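Trainee: The chain contents come next:
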Amino acid sequence: MNQVPSSAANPFPTIVTWVLVVAGWYLVHLAALSRARRQEDLDLIRSIEGRVTALRDRAVKYYTGTTGNEDPAREMAAGLKLELKSLSSAVRILRRRHPKRYDLAGDFIALRAAATGGQFEETQRRPAPADGEVIQQLWDAADVVCCSLRDEFEKTHRWWM
Amino acid sequence: MSGVTEPISIARDFSRFPAGRYQTDGPYSGEHFRKVLVERLRERGAVTVLLDGTMGYGSSFLEEAFGGLVRKENFSASELHRALKIESTDPSLTREIWSYIDKAKPSR
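Line order of the protein sequences matches chains F and A.
End of the first sequence = 162 in the working numbering, gap-free, step of one.
End of the second sequence = 114 in the working numbering, gap-free, step of one.
Okay, chain F solo, but in the shape it has when bound (with noise of 0.2 Å):
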């Protein structure tokens, strides 16, 4: 006679194994897409802290400059605020992803008032000096973005999301 396989007698097992396979591949999926949205944040991350750097040297050299108000100058401070108003766009599309997370609106003020603030395109601007007040605000303004973007994807993205 012959013998009846034990799974067939009892499909406990078999189910068991079949729920853990599933259990298994949808964690390691769930990981996997977490990843890539880290990978992802962290991309958009680096791209707005390189052009916030960027911005800064150029708002330094703007400052720092010796030309008034002609065309260089006028030409400089268009690129200054388009880029200012780009940057906001790109910082809104991390709110968007995670919409309790990235609120740097305070600290783009702050950058946005360094970069564009007090004597910006005004007729009577004089060259600031490299180490004056206006020159360190941007910088400060500057890494509290960085600092902040950096901090705000650490809150985001723990070890064990």
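Treat each hint with caution, since some may be false.
[Claimed, not checked] No more than 30 Å apart at the CA atoms, straight line, and that leaves these computed lysine-lysine pairs for BS3-like: (1) A:Lys-111 <-> F:Lys-86; (2) F:Lys-86 <-> A:Lys-109; (3) F:Lys-156 <-> F:Lys-101; (4) A:Lys-111 <-> A:Lys-41; (5) F:Lys-101 <-> F:Lys-86; (6) F:Lys-86 <-> F:Lys-156; (7) A:Lys-91 <-> F:Lys-101; (8) F:Lys-101 <-> A:Lys-78; (9) F:Lys-86 <-> A:Lys-41; (10) A:Lys-109 <-> A:Lys-91; (11) A:Lys-41 <-> A:Lys-109; (12) A:Lys-78 <-> A:Lys-109; (13) A:Lys-78 <-> A:Lys-41; (14) A:Lys-91 <-> A:Lys-111; (15) A:Lys-78 <-> A:Lys-111; (16) A:Lys-91 <-> F:Lys-86; (17) A:Lys-109 <-> F:Lys-62; (18) F:Lys-86 <-> F:Lys-62; (19) A:Lys-91 <-> A:Lys-41; (20) A:Lys-78 <-> A:Lys-91; (21) F:Lys-86 <-> A:Lys-78.
[Claimed, not checked] Some residues of chain A that are not near chain F, with every Cβ distance over 10 Å (derived): (22) Ala-17; (23) Lys-78; (24) Lys-91.
To be clear, the hints were calculated from the coordinates, so they are not data collected in a lab.
Please read all numbers here as calculations on a predicted model, not as lab measurements.
The beta carbon of each residue, even a glycine, is placed where N, CA and C say it ideally should be.
Start from chain F and add chain A according to the hints.
Mentor: Below, chain A without anything else, positioned relative to chain F:
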């Protein structure tokens, strides 16, 4: 005061290239725009300002145009919170403007 708030679009009704703080800095300065705003505010009592569509704003333009309402035109911040509506797809821009209004102190 009619109470009708006809919006002012800076890009459409003023300039796509607002720039400069004072009128001596150029034709589309913050000081010039403030005068447009004051006229509307006194005429109609309330104004909606649409910020989208321009090349961008310098903080000096925004501070002079909006902060200047408190510093130079004798409006109070609370009065402006009631009478002024600012719309933009960039929420940080609106926050920036309100921060200038709230921090500004009357010159007299």
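Trainee: Indicate, hint by hint, whether the structure satisfies it.
Mentor: Okay, the hints, checked on the actual structure:
1. About 28 Å separates the Cα atoms of Lys-111 of chain A and Lys-86 of chain F, which keeps this hinted pair within 30 Å; it holds.
2. Distance restraint check for Lys-86 of chain F and Lys-109 of chain A: the Cα-Cα separation of roughly 23 Å lies within the 30 Å cut-off, and the hinted pair is therefore satisfied.
3. Between Lys-156 of chain F and Lys-101 of chain F the alpha-carbon distance is near 11 Å, which keeps this suggested pair within the 30 Å criterion.
4. Proximity of Lys-111 of chain A to Lys-41 of chain A is assessed by CA-CA distance (about 18 Å); at most 30 Å being required, the pair is judged to hold.
5. With a CA separation close to 22 Å, the supplied pair Lys-101 of chain F and Lys-86 of chain F stays within the 30 Å bound.
6. The straight-line distance between the Cα atoms of Lys-86 of chain F and Lys-156 of chain F is roughly 26 Å, inside the 30 Å bound, and the hint therefore holds.
7. Our distance criterion of 30 Å between C-alpha atoms is met by Lys-91 of chain A and Lys-101 of chain F, whose separation comes to about 25 Å.
8. Restraint check for Lys-101 of chain F and Lys-78 of chain A: not satisfied, since their Cα atoms lie roughly 38 Å apart, outside the 30 Å limit.
9. Our distance criterion of 30 Å between C-alpha atoms is met by Lys-86 of chain F and Lys-41 of chain A, whose separation comes to about 25 Å.
10. Proximity of Lys-109 of chain A to Lys-91 of chain A is assessed by CA-CA distance (about 18 Å); at most 30 Å being required, the pair is judged to hold.
11. Distance check on the hinted pair: Lys-41 of chain A and Lys-109 of chain A sit about 20 Å apart at the alpha-carbon level, within 30 Å; holds.
12. Taking the CA atoms of Lys-78 of chain A and Lys-109 of chain A, the gap is near 13 Å; set against the 30 Å cutoff, the hint holds.
13. Distance restraint check for Lys-78 of chain A and Lys-41 of chain A: the Cα-Cα separation of roughly 11 Å lies within the 30 Å cut-off, and the hinted pair is therefore satisfied.
14. Using a Cα cut-off of 30 Å, the hinted pair Lys-91 of chain A and Lys-111 of chain A holds, with the two alpha carbons roughly 20 Å apart.
15. Taking the CA atoms of Lys-78 of chain A and Lys-111 of chain A, the gap is about 9 Å. The hint holds against a cut of 30 Å.
16. Note on Lys-91 of chain A and Lys-86 of chain F: the hinted pairing holds, with a Cα-Cα distance of about 21 Å set against a maximum of 30 Å.
17. Between Lys-109 of chain A and Lys-62 of chain F the CA atoms are separated by roughly 29 Å; this keeps the pair inside 30 Å, and the hint holds.
18. A hinted pair counts as satisfied when its Cα atoms are at most 30 Å apart, and Lys-86 of chain F with Lys-62 of chain F qualifies at roughly 19 Å.
19. A threshold of 30 Å between alpha carbons decides the hint, and for Lys-91 of chain A with Lys-41 of chain A the separation of about 17 Å falls inside it, so the pair holds.
20. Annotation: proposed proximity of Lys-78 of chain A to Lys-91 of chain A holds, straight-line Cα distance about 20 Å (limit 30 Å).
21. Distance restraint check for Lys-86 of chain F and Lys-78 of chain A: the Cα-Cα separation of roughly 28 Å lies within the 30 Å cut-off, and the hinted pair is therefore satisfied.
22. For Ala-17 of chain A, the shortest C-beta to C-beta distance to chain F comes to about 13 Å, beyond the 10 Å cut-off, and the non-interface label holds.
23. Every CB of chain F is more than 10 Å from the CB of Lys-78 of chain A (nearest about 16 Å), matching its label as outside the interface.
24. No Cβ of chain F approaches the Cβ of Lys-91 of chain A within 10 Å, the least distance being about 19 Å, so the stated non-interface status holds.
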